[in-house]
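Each chain, letter by letter, is given below.
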Amino acid sequence: MTAALDLVVAPGDGALITVPEGGRLRIVDLHGNQAVDTLLYDAADIDNRYSAFDTVREQGAVYLTTGSRLLSTALDELAVITDDTCGRHDTVGGACSQESNVIRYGEHTRHQHACRQTFLRYGAAKGIGQRQLGHNINFFMNVPVDAAGTLRFDDGLSAPGKHVELTASRDILVLISNCPQLNNPCNGWNPTAVQLIGWWA
Amino acid sequence: MPSSYHHEVPGGAAWSAPVRAGRLVTLTAQGADANAALLLFGADRLDRLNIPDTVKSQMSACVRPPMVLMSDRGLALARVVDSTLDWHDCLTGFGHDRHLRRFGPSSYAQHRNEWRRSARTGLVSELTKHGLGPADLHGCVNFFSKVAIADDPRASLTLVTGHAAAGDTVTLRTEQDVLVVLSTAPHPLSTADYAPAGVRVDVSPAPPADADDASAVFRAESARALEMTRRAQA
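The listed protein sequences derive, respectively, from chains H and C.
The numbers in our numbering rise by one with no breaks, and the one at position 166 of the first sequence is 166.
The numbers in our numbering rise by one with no breaks, and the one at position 199 of the second sequence is 199.
Chain H extracted, bound-state conformation:
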């Protein structure tokens, strides 16, 4: 099948993609260890949006991988991860924002570019504002949690050319921020481009 979408997203840039039911969207980590912050919305109702904690609870596990059903705030299945050569992905670490950068790294990071701006900029076309920014998926990001209740950001498990693929369970909007974070290892200290490839009729 010819790809309906083939788009390279530069580091710090984003995209808003409509994927029809049954469509497949592949995200390729071209250069390795690049966090791709991702939100999903029911294309017919942006308030029926991806819910990280409903997804985690219903699958009974924290990390996302092949087979993970990505659920909405109304428990509708928005998409399923149908292929994953990386192995696991985070959905509890959230996105970076200027404000959370200040908390985590100090006032000198206040004016660094962050995912929240990208989400708001690309989401605006579909009416996605701050109220609609739920807790996102971080594809290719490694946020280990353990039995002692600790959580940390580690070096990625990803590598150049690894990919993850979603199959849409209904018509969805996929809002992506190719993370510009420079202050932790989530992008290997060097944000790089990713590729989006879509197959649908």
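To be clear, the hints were calculated from the coordinates, so they are not data collected in a lab.
We put the beta carbon where it would ideally sit given N, CA and C, even for glycine.
Some hints could be false.
To be verified - Cβ pair distances, simulated, as ranges: (1) C/Ser204 to H/Gly129: 29 to 39 Å; (2) H/Arg69 to C/Gly131: 27 to 37 Å; (3) C/Gln233 to H/Ala44: 36 to 46 Å; (4) H/Asp45 to C/Ala109: 50 to 60 Å; (5) H/Gly127 to C/Gly131: 13 to 23 Å; (6) H/Thr150 to C/Ser204: 49 to 59 Å.
What the hints assert, rightly or not - Output of the computed footprint for chain H on chain C, the stretches with three or more beta carbons under 8 Å from beta carbons of chain H: (7) 52 to 58; (8) 68 to 82; (9) 92 to 101; (10) 151 to 160; (11) 174 to 184.
Starting from the structure of chain H, add chain C where the hints point.
Only chain C this time, still in chain H's reference frame:
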């Protein structure tokens, strides 16, 4: 001096209240395996508790003292000043109607005020009273519940029964004028019979927080969130 009050939220109910800055809010479990699914909104009612930012800034997969509860916009909403429990779940969200289906149908007509309503139903009902709605639902803290994380490849999750007993408490100190919204419906992973415990809420004036208070010295991140709230109120 502002006066103190308390309120008993029965099991399976929902409640909301504005609480001014500088108050202690103590939740007390009234029975075993109580669960208080709690949402917190900032002074402008748009900014809200952000669980991912709270946990990643403080390197914890659960809520416990002396963490600071942080908002979408990088402000401290409240400090967790004290608790008899060392783990409050914040990774598994609140329950939906689907989680109550195993008990069969329930309605006001059938069960009067004992009818079974989910946390989501209760939280949305309370949010709507304040001009908010389903779009404002965000990650919650499930106070009194522990969902254990396995050291396995997927970080599997299991609700721990018997984690909380009657009399267990958690105390928050509000750092700005907040809206507290909570539900005492069963934890969505509960497999127990339907008998949700109530939660008592005590609100009282907090003494001024010292600069070396446990939350302020917990981590540099916690201190910076408190400082951002100080600036927002300067």
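Quiz prompt | Hint numbers not upheld by this structure, sorted from lowest to highest | solution = 4, 6 and 11
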